[in-house]
Amino acid sequence: MADQELDASGLNCPLPILRAKKTLNGMEADQVLHIIATDPGSVKDFEAFCKQTGNELLESKEEGGKFHFEIKKV
Amino acid sequence: MEEKKLAIIATKGTLDWGYPPFILASTAAALGYETEIFFTFYGLQLLKKDLDLKVSPLGNPGMPMPMGMDKWFPTLGLALPGMEGMMTSMMKKTMASKGVASLEELRELSQEAEVKLIACQMTVDLFEMDTADFIDGVEYAGAARFFEFAGESDICLYI
Chain A
408 MADQELDASG LNCPLPILRA KKTLNGMEAD QVLHIIATDP GSVKDFEAFC
458 KQTGNELLES KEEGGKFHFE IKKV
Chain B
5 MEEKKLAIIA TKGTLDWGYP PFILASTAAA LGYETEIFFT FYGLQLLKKD
55 LDLKVSPLGN PGMPMPMGMD KWFPTLGLAL PGMEGMMTSM MKKTMASKGV
105 ASLEELRELS QEAEVKLIAC QMTVDLFEMD TADFIDGVEY AGAARFFEFA
155 GESDICLYI
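These protein sequence lines map, in sequence, to chains A and B.
408 is the number of the first residue of the first sequence in the working numbering; add one for each residue after it.
5 is the number of the first residue of the second sequence in the working numbering; add one for each residue after it.
None of these hints come from the bench; they were simulated from the model.
Possibly wrong hints are sitting among the right ones.
[Claimed, not checked] Label pairs and their in silico Cβ distance ranges:
| no. | chain 1 | residue 1 | chain 2 | residue 2 | range |
| --- | --- | --- | --- | --- | --- |
| 1 | B | G63 | A | P447 | 28 to 36 angstroms |
| 2 | B | D140 | A | E412 | 42 to 50 angstroms |
| 3 | A | D437 | B | G36 | 40 to 48 angstroms |
| 4 | B | E112 | A | A455 | 21 to 29 angstroms |
| 5 | B | M71 | A | Q438 | 31 to 39 angstroms |
| 6 | B | M71 | A | G448 | 22 to 30 angstroms |
| 7 | B | Q125 | A | T445 | 41 to 49 angstroms |
| 8 | A | K451 | B | Y162 | 40 to 48 angstroms |
[Unchecked claim] In silico DSSO-like links for lysine-lysine, alpha-carbon gap of 27 angstroms or less:
| no. | chain 1 | residue 1 | chain 2 | residue 2 |
| --- | --- | --- | --- | --- |
| 9 | B | K96 | B | K52 |
| 10 | B | K8 | A | K451 |
| 11 | A | K473 | B | K97 |
Glycine residues also receive a C-beta, built at the ideal position from the N, C-alpha and C atoms.
Sequences are here, hints too, so could you generate the full structure?
Right, dumping it as structure tokens:
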């Protein structure tokens with residue numbers, strides 16, 4: 408499962424992406440980061456983030472009113 | 005994949021104009037862009053150690069205001085003493101309650117993400133500013149130096 412979890416609830420653009428980038432910097436390749444966010448814009452933001460940086464977006468779903476993302480560091 | 009370059013020229017020093025350069029720069033850096041911001045004229049206010057930026061309702065048509073004020077409040081009334089201060093604190097409160105980062109935080113994140121901050125030496129001299137008032141990590145240079153980077157940039161924005 409996820410190696411690390413980042414709770415970005417209550418944070419708006421661009422904080423979820425910036426926090427995720429910072430956390431990923433401190434992780435090893437192939438590790439998975441689980442991100443929780445409430446910003447609806449974060450869905451598209453993380454898609455673009457992974458596309459641009461080459462990190463793999465394993466999962467993107469909405470659960471319990473929050474958005475959950477699983478990103479694998481490449 | 006070659007790194008893309010983003011060049012931003014920041015010329016304004018109010019709260020509402022201060023956000024776009026730092027949000028765009030920090031996001032671009034997070035996406036892997038090489039980013040440089042050139043601060044000139046009032047943009048230099050964004051580099052002060054103690055940020056005390058205001059937002060003025062005057063000259064900002066289209067600015068959303070509470071109680072629908074933007075629809076009925078006379079423009080002349082916006083010039084009354086205290087209006088600017090009130091609008092500024094209201095905007096800051098709204099931003100905080102909606103989880104929007106403070107300018108200081110965005111600026112710090114930008115520097116952490118290795119966004120280069122360049123201050124226009126000419127403007128510093130023009131307004132006789134004291135560089136001790138500015139944050140660390142700023143390069144002082146002229147337009148020609150900035151064009152070195154801007155000329156190669158994929159995106160160049162004037163804010």
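Here is what the structure says about each hint:
| no. | hint | in the structure |
| --- | --- | --- |
| 1 | G63/B <-> P447/A: 28 to 36 angstroms | holds, 32 angstroms |
| 2 | D140/B <-> E412/A: 42 to 50 angstroms | violated, 33 angstroms |
| 3 | D437/A <-> G36/B: 40 to 48 angstroms | violated, 19 angstroms |
| 4 | E112/B <-> A455/A: 21 to 29 angstroms | holds, 23 angstroms |
| 5 | M71/B <-> Q438/A: 31 to 39 angstroms | violated, 50 angstroms |
| 6 | M71/B <-> G448/A: 22 to 30 angstroms | holds, 27 angstroms |
| 7 | Q125/B <-> T445/A: 41 to 49 angstroms | holds, 43 angstroms |
| 8 | K451/A <-> Y162/B: 40 to 48 angstroms | violated, 26 angstroms |
| 9 | K96/B <-> K52/B | holds, 18 angstroms |
| 10 | K8/B <-> K451/A | holds, 20 angstroms |
| 11 | K473/A <-> K97/B | holds, 24 angstroms |
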